[in-house]
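Enquirer: The listed protein sequences correspond, in order, to chains A and B. Heads up: the first sequence at position 152 corresponds to 151 in numbering that gives the first Met the number 0, and the numbers run straight through without jumps. Heads up: the second sequence at position 341 corresponds to 340 in numbering that gives the first Met the number 0, and the numbers run straight through without jumps.
Note that these hints are calculated values from the structure, not bench results. All figures in this text were calculated on a predicted structure; none of them were measured in a lab. Take the hints with a grain of salt, since some may be wrong.
With a straight-line cut-off of 30 angstroms between C-alpha atoms, the simulated DSS-like cross-links for lysine-lysine are [stated by the list, open to error]:
no. : chain 1 : residue 1 : chain 2 : residue 2
1   : B       : Lys313    : A       : Lys130
2   : A       : Lys195    : A       : Lys130
3   : B       : Lys535    : B       : Lys63
4   : B       : Lys313    : A       : Lys89
Looking from chain A toward chain B, a few residues come up when the C-beta cut is under 8 angstroms (computed) [claimed, not checked]:
no. : residue
5   : Gln67
6   : Thr68
7   : Thr81
Cβ atoms here follow ideal geometry from the backbone N, Cα and C, with glycine treated the same way.
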Amino acid sequence: MGSIRCRSCGKVQPPAFLCSQCQSIQPLPQDADYFTVLGLPAHPGIDAAELDRRYYELSRKLHPDRYQTGSAEEQRASVQATALLNAAHKTLREVESRGRYWLSRSGEDLARDNNLVPAWLAAYVFDVQEKLSELRGANGAAAQLRSGLAETQRELAERRAHERRALDELLRGWPAGDGANDLPDERGAVALRELKSVLSELSYLGTLDRDLQNALED
Amino acid sequence: MARIAGIDLGTTNSLIAVMRGDRPEILPDPQSGAPLLPSAVSLLPDGTFLVGEAARRRAALHAKSSILSVKRFMGVGVEHLDAGDRQQYRFADAAGALAVVLEDGAGGEQTLTPPEVSSLVLRELKRRAERALGEEIGRAVVTVPAYFNDSQRQATRDAGRLAGLDVLRLVNEPTAAALAYGLDKQEEALVAVFDLGGGTFDVSILQLRAGLSEVLATGGDTRLGGDDFDRRIVALLQADLGIDPPTGSSQDDMAILLDAAERAKRELSVSDEARVELSLTEGTKYATVRREAFETATADLVERTLARCRQALKDAGKRAADIDHVILVGGATRIPAVRRQVEAFFGKAPHADIDPEAVVALGAAVQASILSGSATDMLLLDVVPLSLGIETMGAVFTRLIERNTTIPAAAREQFTTAVDDQTHVELHVLQGERELAKDCRSLARFRIPIEPATAGLPRVEVTFLIDANGILSVAARDVRTNREHSIEVKPSYGLTEEQIENMLEESFDLAEEDFAQRQLLEARVEAESILHATAKAERLHEQHLNAEERAAIERAAGELRAASGGSDHNRIRDLVEVLNEASRPFAQRIMDASIKTALENKSAYEIAR
Numbered sequence: 000m001g002s003i004r005c006r007s008c009g010k011v012q013p014p015a016f017l018c019s020q021c022q023s024i025q026p027l028p029q030d031a032d033y034f035t036v037l038g039l040p041a042h043p044g045i046d047a048a049e050l051d052r053r054y055y056e057l058s059r060k061l062h063p064d065r066y067q068t069g070s071a072e073e074q075r076a077s078v079q080a081t082a083l084l085n086a087a088h089k090t091l092r093e094v095e096s097r098g099r100y101w102l103s104r105s106g107e108d109l110a111r112d113n114n115l116v117p118a119w120l121a122a123y124v125f126d127v128q129e130k131l132s133e134l135r136g137a138n139g140a141a142a143q144l145r146s147g148l149a150e151t152q153r154e155l156a157e158r159r160a161h162e163r164r165a166l167d168e169l170l171r172g173w174p175a176g177d178g179a180n181d182l183p184d185e186r187g188a189v190a191l192r193e194l195k196s197v198l199s200e201l202s203y204l205g206t207l208d209r210d211l212q213n214a215l216e217d
Numbered sequence: 000m001a002r003i004a005g006i007d008l009g010t011t012n013s014l015i016a017v018m019r020g021d022r023p024e025i026l027p028d029p030q031s032g033a034p035l036l037p038s039a040v041s042l043l044p045d046g047t048f049l050v051g052e053a054a055r056r057r058a059a060l061h062a063k064s065s066i067l068s069v070k071r072f073m074g075v076g077v078e079h080l081d082a083g084d085r086q087q088y089r090f091a092d093a094a095g096a097l098a099v100v101l102e103d104g105a106g107g108e109q110t111l112t113p114p115e116v117s118s119l120v121l122r123e124l125k126r127r128a129e130r131a132l133g134e135e136i137g138r139a140v141v142t143v144p145a146y147f148n149d150s151q152r153q154a155t156r157d158a159g160r161l162a163g164l165d166v167l168r169l170v171n172e173p174t175a176a177a178l179a180y181g182l183d184k185q186e187e188a189l190v191a192v193f194d195l196g197g198g199t200f201d202v203s204i205l206q207l208r209a210g211l212s213e214v215l216a217t218g219g220d221t222r223l224g225g226d227d228f229d230r231r232i233v234a235l236l237q238a239d240l241g242i243d244p245p246t247g248s249s250q251d252d253m254a255i256l257l258d259a260a261e262r263a264k265r266e267l268s269v270s271d272e273a274r275v276e277l278s279l280t281e282g283t284k285y286a287t288v289r290r291e292a293f294e295t296a297t298a299d300l301v302e303r304t305l306a307r308c309r310q311a312l313k314d315a316g317k318r319a320a321d322i323d324h325v326i327l328v329g330g331a332t333r334i335p336a337v338r339r340q341v342e343a344f345f346g347k348a349p350h351a352d353i354d355p356e357a358v359v360a361l362g363a364a365v366q367a368s369i370l371s372g373s374a375t376d377m378l379l380l381d382v383v384p385l386s387l388g389i390e391t392m393g394a395v396f397t398r399l400i401e402r403n404t405t406i407p408a409a410a411r412e413q414f415t416t417a418v419d420d421q422t423h424v425e426l427h428v429l430q431g432e433r434e435l436a437k438d439c440r441s442l443a444r445f446r447i448p449i450e451p452a453t454a455g456l457p458r459v460e461v462t463f464l465i466d467a468n469g470i471l472s473v474a475a476r477d478v479r480t481n482r483e484h485s486i487e488v489k490p491s492y493g494l495t496e497e498q499i500e501n502m503l504e505e506s507f508d509l510a511e512e513d514f515a516q517r518q519l520l521e522a523r524v525e526a527e528s529i530l531h532a533t534a535k536a537e538r539l540h541e542q543h544l545n546a547e548e549r550a551a552i553e554r555a556a557g558e559l560r561a562a563s564g565g566s567d568h569n570r571i572r573d574l575v576e577v578l579n580e581a582s583r584p585f586a587q588r589i590m591d592a593s594i595k596t597a598l599e600n601k602s603a604y605e606i607a608r
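Produce the entire structure from the sequences given, and follow the hints as far as they go.
Expert: Structure below.
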């Protein structure tokens with residue numbers, strides 16, 4: 000993470016929405032690090048209450064409503080800052096998007112070398128897809144299949160909740176000191192592999208859930 | 000700092016409010032004291048426009064000169080009009096922005112875009128406020144339905160500009176309602192705002208937390224409102240009167256039926272039964288609507304609102320039982336069945352202490368005070384109502400910003416070319432929730448110039464930014480040259496900057512530039528109405544009229560007609576009274592006879608009740 004120079008007083012400092020010296024609003028790039036701008040430690044195991052507290056505190060200070068009488072430059076900076084703040088909060092608030100963000104922040108990509116689908120998941124996905132195609136072919140006499148699928152949907156929701164809990168635990172117990180700029184040590188490498196695996200499982204389950212939902216609504 | 004007004008620019012009615020001390024207050028019409036300004040506009044033979052109550056009444060006689068609920072047409076295209084719209088209004092054939100053609104009744108006509116029509120309503124509100132406050136109002140907060148898309152928001156802001164108002168903020172109507180109730184001061188609460196207005200329905204789920212108000216989800220229906228309940232009553236009235244088929248009623252009769260239905264709806268909010276008198280073409284008729292029949296006939300409409308509530312809760316990830324407060328907005332929430340069903344659905348009694356028709360404007364005034372810096376303990380966080388994205392290969396809609404994302408929001412995407420030596424990249428921006436581009440609403444097309452190169456080599460980075468009003472702006476940068484590019488915007492349904500400039504130059508004349516002029520116009524409308532009604536009664540009920548009376552009525556009518564051509568509004572009003580007096584015994588006899596006929600047609604059982 001580089002430093003920025005305050006547009007108003009010139010102080011050089013780590014990226015922050017408001018200058019630490021003169022409190023004037025700073026135009027930050029939209030790809031600024033979410034943890035840094037929220038003033039949170041760079042660790043994926045986040046305290047949700049603390050995240051919300053920082054978010055609301057910063058919203059009050061940065062929102063365009065507060066710059067209605069400000070200069071055009073301040074108004075522009077306020078819109079950009081709030082957009083970044085909103086994206087940071089939304090991404091970090093939810094465990095799955097936070098996991099994805101952490102993965103990409105660590106220079107990894109879910110699609111790269113990804114052959115991590117476990118056998119149980121593949122079997123499960125095929126099973127549900129078969130039921131779905133049966134439903135599509137059945138038109139009319141589908142009541143029983145439909146209730147069977149509703150049962151599958153409940154089961155799927157449980158599996159997803161279970162995976163999310165596993166992800167949350169993984170992120171909480173993430174090896175400390177493994178920031179974006181550090182080379183991952185062995186523990187870090189293991190954790191990253193595990194993160195990738197949980198995220199791809201969640202991604203498959205999510206797609207399956209959407210397909211099910213669409214089929215049941217039709 | 001000059002005062003900032005809060006404006007509820009409604010489909011059926013509009014209101015303006017300001018803060019007086021620390022309380023928001025509606026500014027009523029200084030003349031009539033009416034808080035609501037009907038969002039009606041009517042073109043007069045002299046080429047000027049009448050706005051408000053007089054225009055609404057004039058519309059009954061001069062449908063082709065008048066427009067009643069222009070908000071439906073804000074920011075939409077010709078292809079979104081339905082058969083009903085086309086039957087009611089004449090639209091210009093011109094490509095691009097939609098425009099309505101109004102006839103002036105003197106052989107001429109004028110073509111207006113929906114923002115221009117709305118600007119006339121806003122100018123009237125502005126004038127009303129300036130008169131009441133004795134100071135100029137140049138800035139305002141204007142409310143919009145929560146699900147208004149980018150084009151509709153742009154159109155609303157354009158209307159403000161055309162009215163000489165700097166629209167500082169567009170606020171979602173339900174959010175404004177929560178502000179009016181001061182619910183944002185709650186430590187933590189989940190609020191559902193149920194807004195059933197004249198022509199639109201929306202529901203919002205808000206999360207309020209220590210001075211912060213956050214919209215978790217919005218839903219609604221642009222085609223569901225109190226007017227639909229009126230139409231159901233019309234059907235009941237037609238059935239009661241034996242009018243079959245229902246489409247058989249003439250346009251004149253339809254206007255009378257709708258007017259009666261509206262009154263019956265109000266009556267049914269306080270009584271079990273509403274009786275209405277209808278001066279139809281074939282004579283005066285009486286009809287009765289019972290609340291039970293009304294509720295049965297409108298059950299599906301109420302159910303549609305509840306279905307939207309269910310969807311909004313689902314989008315917010317909440318259950319009905321999680322909701323702490325329910326707020327009612329809109330005149331149609333006075334309907335007992337609506338209140339009952341809403342209460343049953345959410346399992347708690349809704350808030351209705353503040354007039355449901357005024358609550359949104361009052362909240363807009365509160366937001367105005369936040370913007371003026373006098374209420375720093377509050378802050379409103381809104382969300383974008385519909386997903387925003389672009390058309391990609393295969394005519395697929397690719398989302399860049401998901402619906403219900405808190406605004407301001409930004410998204411960035413890189414694009415390249417598919418053909419060698421392209422000189423520009425064209426982007427089609429869409430809003431909606433469907434998978435295919437053709438099923439989403441087209442917002443605009445952007446042309447971004449690039450340096451010609453081999454296909455796939457250019458890299459254009461496009462940044463979409465949605466501001467605090469929910470309005471989109473786009474910036475582009477050529478990644479290879481690091482040059483910022485200007486973007487040519489072609490709004491799909493809105494006005495271009497050039498069009499707005501032109502409209503500002505040749506702005507329409509609002510009637511009644513002064514009080515006397517306005518009173519004259521209103522007196523003329525009134526004279527016209529009574530002359531029309533009298534002539535109709537004479538034609539239909541000749542048998543109840545003796546020669547002496549006819550002569551007196553004709554004399555009074557003649558004098559009134561002559562005075563209407565003049566400019567003395569007091570004389571016109573006096574002669575309206577004279578004509579009223581002259582025809583009173585005649586009117587009484589018609590009424591008695593009609594009641595007698597009506598009673599003869601009823602069974603003894605019904606009379607006894």
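Enquirer: Compare the structure with each hint and give your call.
Expert: Structure-based check of each hint:
Only pairs whose Cα atoms come within 30 angstroms are accepted, and lysine 313(B) paired with lysine 130(A) is accepted, the gap being roughly 25 angstroms. With a CA separation close to 28 angstroms, the supplied pair lysine 195(A) and lysine 130(A) stays within the 30 angstroms bound. Proposed proximity of lysine 535(B) and lysine 63(B) is supported: the alpha carbons are some 20 angstroms apart, at most 30 angstroms. Annotation: proposed proximity of lysine 313(B) to lysine 89(A) holds, straight-line Cα distance about 18 angstroms (limit 30 angstroms).
The restraint placing glutamine 67(A) at the interface with chain B holds, with a minimum CB-CB distance near 5 angstroms, inside the 8 angstroms limit. The restraint placing threonine 68(A) at the interface with chain B holds, with a minimum CB-CB distance near 6 angstroms, inside the 8 angstroms limit. At about 5 angstroms, the closest approach between the beta carbon of threonine 81(A) and any beta carbon in chain B falls short of 8 angstroms, and the interface hint on this residue holds.
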